[in-house]
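Asker: Sequence:
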Amino acid sequence: MTGFLQIGVLLAMAAVAGVLVMGIVSMARGKDARKQNKLMQLRVLLQAVALLLLFILSLIAVGS
392 MTGFLQIGVL
402 LAMAAVAGVL
412 VMGIVSMARG
422 KDARKQNKLM
432 QLRVLLQAVA
442 LLLLFILSLI
452 AVGS
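Quick note on numbering: our numbering labels position 17 of the sequence shown as 408, and the sequence is numbered without any gaps.
It should be emphasised that the hints constitute simulated quantities derived from the structure, not laboratory data.
Keep in mind that this is a model prediction, so the values were computed, not measured.
A hint or two may mislead.
Said to hold, decoys possible - Computed spacing ranges between beta-carbons, pair by pair:
#, residue 1, residue 2, range
1, 436, 398, 16 to 26 Å
2, 413, 447, 23 to 33 Å
3, 426, 404, 21 to 31 Å
4, 454, 421, 19 to 29 Å
5, 421, 455, 43 to 53 Å
Glycine residues also receive a C-beta, built at the ideal position from the N, C-alpha and C atoms.
Take these sequences, add in the hints, and give me the full structure.
Answerer: Below, the structure written as structure tokens:
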């Protein structure tokens, strides 16, 4: 179970980094403001998922 959560956390963190880079590149190009906004909203959602997984993982670690 913890191995699955660790992999999930790593994937979520990689997704956050990827979306962040895509958002920064999109802002630098200055093309579509709506797309930039959606990318930043997705980044915030992915950060919440990563934090939730880290929280669950820490609860499991404390419990054992």
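Asker: Looking back at the numbered hints, which does the structure fail to meet, lowest number first?
Answerer: Number 4 only.
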